[in-house]
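J.: Residues per chain, in single letters:
2 protein chains.
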Amino acid sequence: MISSDLNTPVLLLDKEKLMVNIHRMQSSADRLGVALRPHLKTLKSADAARVLVQSGARGITVSTLREAGYFLEHGFSDITYAISIVPSRLPEVARLMSLGADLKIMTDNMEVARVIASYANSSGIPYRVLIEIDCGDQRGGIKSDNEALISIVECIDASCAIFEGVLTHAGHAYDVNSIFAIEAVAKQERDVAVHAATRIRNAGYDVPTISVGSTPTGLFARDLTGVSELRAGVYTVFDMDQQSRGVCVVEDIALSVLSSVIGHNKAAGKILLDAGGLALSKDRGADKFRPEVGYGQVCDVDGQVITDLYVKSVSQEHGHVPVRNADDFKKFPIGSYLRILPIHACMTAAAYDRFALVEKGVITTHWDRVNGW
Amino acid sequence: MISSDLNTPVLLLDKEKLMVNIHRMQSSADRLGVALRPHLKTLKSADAARVLVQSGARGITVSTLREAGYFLEHGFSDITYAISIVPSRLPEVARLMSLGADLKIMTDNMEVARVIASYANSSGIPYRVLIEIDCGDQRGGIKSDNEALISIVECIDASCAIFEGVLTHAGHAYDVNSIFAIEAVAKQERDVAVHAATRIRNAGYDVPTISVGSTPTGLFARDLTGVSELRAGVYTVFDMDQQSRGVCVVEDIALSVLSSVIGHNKAAGKILLDAGGLALSKDRGADKFRPEVGYGQVCDVDGQVITDLYVKSVSQEHGHVPVRNADDFKKFPIGSYLRILPIHACMTAAAYDRFALVEKGVITTHWDRVNGW
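Residue numbers (my numbering), protein chains in the order written: chain A, 65 to 437; chain B, 65 to 437.
Okay, chain A solo, but in the shape it has when bound (with noise of 0.2 Å):
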């Protein structure tokens, strides 16, 4: 049991769901014979990447510095940071590398290609560069077939800097709901940097590295001949977007937020919650294949789903939840807790500090998060 003197909203984490999640996506990994990086930007938390790598991933990957910083404070050094570098950050990466991490940085940009080289030749520092390529999202990277694709590895080849590889994300995947249409996204993403790999080597150079990756690719990709590592990380606690895509089903999702019942409008029929936008965030990720879903869906404070009841709408500290009849409003009382499934777990956890994990019913520790920039 949830104890009931808690200062909603708390984020919860299901460490059971957890374990099976970590469990699914390193047995695809495996499966298909590629290491798995997870990306640790859903969790932010070192106590969950000790549990990912004793699982057997290899190595992290991160979406901030201050994310690598703080991950390579609790003894992770293997982290390959994969949001494009700007040259102001080329200092901040020299000094955690001289910290000891190993850390991979990322560009699809000839000019900032030579001024990492340039920063690599005038200070020594072996600066370990992924080159992005775009399989399809329409994000980062450059096209598998573009010319300056050879022109980055030379510059960066010819300097004190490394050329380490390649890296794909299939964010596309989220634009399709089925498991055929994941198959081909998957197979399109793997296609793709297997294709500016080849280029690469054609050309004579070494392609350690041939990264690619998204929590629907990773679980239902048939074959990554070619490829060397997986990266995800939604996969490890779900969310209704990815429900809403059919990656997985509403009893995996092992995040949720805790919130009290703070009000009952009878007169427009609805039950307000204290976890609005704030503690639910405003993403609508799921509106395009379950629109109904709002910003949660509604569960009892044992995470079991309520059929029909969602957070329809939010502001900034309530959480409208319209009731099915007047019954609703006995069955949740002023004071008593509900737990609402986050759209998209990313977002939801960047507003907490740490997570309460709860264990067979009952909350047994709190892993700290890193928040912020």
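Please note that the accuracy of each hint is not assured.
Stated by the list, open to error - Result set (BS3-like, lysine-lysine): computed pairs, CA atoms no more than 30 Å apart in a straight line:
| hint | chain 1 | residue 1 | chain 2 | residue 2 |
| --- | --- | --- | --- | --- |
| 1 | B | 376 | B | 395 |
| 2 | B | 352 | B | 376 |
| 3 | A | 251 | A | 352 |
| 4 | A | 394 | B | 207 |
| 5 | A | 330 | B | 352 |
| 6 | A | 251 | B | 376 |
| 7 | A | 207 | B | 394 |
| 8 | A | 251 | B | 352 |
| 9 | B | 376 | A | 376 |
| 10 | B | 376 | B | 79 |
| 11 | A | 395 | B | 207 |
| 12 | A | 352 | B | 424 |
| 13 | A | 352 | A | 376 |
| 14 | B | 207 | A | 376 |
| 15 | A | 424 | A | 79 |
| 16 | A | 376 | A | 330 |
| 17 | A | 352 | B | 376 |
| 18 | B | 330 | A | 207 |
| 19 | A | 207 | B | 376 |
| 20 | B | 394 | B | 424 |
| 21 | A | 330 | B | 251 |
| 22 | B | 207 | B | 251 |
| 23 | A | 376 | A | 79 |
For the record, the hints were derived by calculation from the structure and aren't laboratory data.
Since chain A is already given, all that's left is putting chain B on it; use the hints.
T.: Here is chain B on its own, set in the frame of chain A:
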């Protein structure tokens, strides 16, 4: 000039604009003959509260008890906690009162009123209780003609707790975007609050506080006769949500996120910023009236609006800005700064521990914030 080696994203607060905005609402309250009790849910900063009180504010409003504790520590004792109280929070309220807080709590529920009365009687703590009225927002509050209104007053008044008055918030002022329509909502907000107070007075009770407010209604109310105080928060900095409703002009917006250009996806025609969903929030509050703004208006490093340049989509750490033409890639090279005017200031600011204060174009100091619960 903003120095070029900042660790972006950085939350900038323009001091001059802040002061103009503070003066504008204070003048409105003065003109209307009501006290101004600013809502610190937006700025969550003791430095900001100091400026507000020096500018004429009487007391403050908060949205969490953590804020109440923080502001008390910093010397602000006259505090209204404007979220429905749940019984489990009464011990913390008592603790803050014992430390010197003149803390007003709020309910709209008969059962909660009974619990407050019972706690007050058994502990001797004179909880000061406001009743929340729903003036059309359909969030918290009972209707001013609800029979329970007088029963709640009776219950509180018969105990060691103190009945303090009524409070309402015209959140539905955000449903409209003309000054005339806002004026009509402001009239409704005032009329409903005064109606509730009149019923209570007719039942034989004093009503010391009649509290109304929102940024739009606070600025555009024509007459607040019978009202004692005004609450509003986002007016201090404004945002694109307010601008889209005609409440401010874009030049009034005092809050912005300084971000770095981290990528040029020329194939997709977009600039990538290091201000994504976490740095800006995923609030889409401007969609109703200005959907083109997306997740934020792009400005140059000095805060000048760049016409037709918007953050159209976000992922966790990326903001995607479609370029107008190929020239934009030259104008905004990788590593250069852009400022983003947020959609919803309260949501955006919550991702940061502090504001960087900008005065005459230079960061002069930092103001800390209290986030979380």
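J.: Take a quick look at whether residue 352 of chain B and residue 376 of chain B sit within 30 Å of each other, Cα to Cα.
T.: 15 Å, holds
J.: Tell me if the straight-line CA distance from residue 424 of chain A to residue 79 of chain A falls inside 30 Å.
T.: 9 Å, holds
J.: Residue 376 of chain B and residue 79 of chain B were given as a pair; does the straight-line alpha-carbon distance stay at or below 30 Å?
T.: 28 Å, holds
J.: Hey, residue 352 of chain A versus residue 376 of chain B, does the alpha-carbon distance stay inside 30 Å?
T.: 17 Å, holds
J.: Quickly compare the C-alpha distance for residue 251 of chain A and residue 376 of chain B to 30 Å and report which way the hint goes.
T.: 28 Å, holds
J.: Is the hinted pair residue 207 of chain B and residue 376 of chain A satisfied, with a Cα-Cα distance of at most 30 Å?
T.: Distance of about 22 Å is within 30 Å: holds.
J.: Hinted pair, alpha-carbon criterion (30 Å max): residue 352 of chain A, residue 376 of chain A. Please report holds or violated.
T.: Answer holds: residue 352 of chain A to residue 376 of chain A is near 15 Å, not above 30 Å.
J.: Given the hinted pair residue 376 of chain B and residue 376 of chain A, is their alpha-carbon gap at most 30 Å?
T.: 24 Å, holds
J.: Quick one, are residue 330 of chain B and residue 207 of chain A close enough, alpha carbons at most 30 Å?
T.: Roughly 10 Å between the alpha carbons, so the hint for residue 330 of chain B and residue 207 of chain A holds.
J.: What's the verdict on residue 395 of chain A and residue 207 of chain B, does the C-alpha distance respect the 30 Å limit or exceed it?
T.: With a Cα-Cα distance of about 23 Å, the restraint between residue 395 of chain A and residue 207 of chain B holds, given a limit of 30 Å.
J.: Would you check the hint for residue 352 of chain A and residue 424 of chain B, treating anything up to 30 Å between C-alpha atoms as holding?
T.: 44 Å, violated
J.: Residue 394 of chain A and residue 207 of chain B: Cα distance at most 30 Å?
T.: 20 Å, holds
The structure shown violates the earlier hints numbered 8 and 12.
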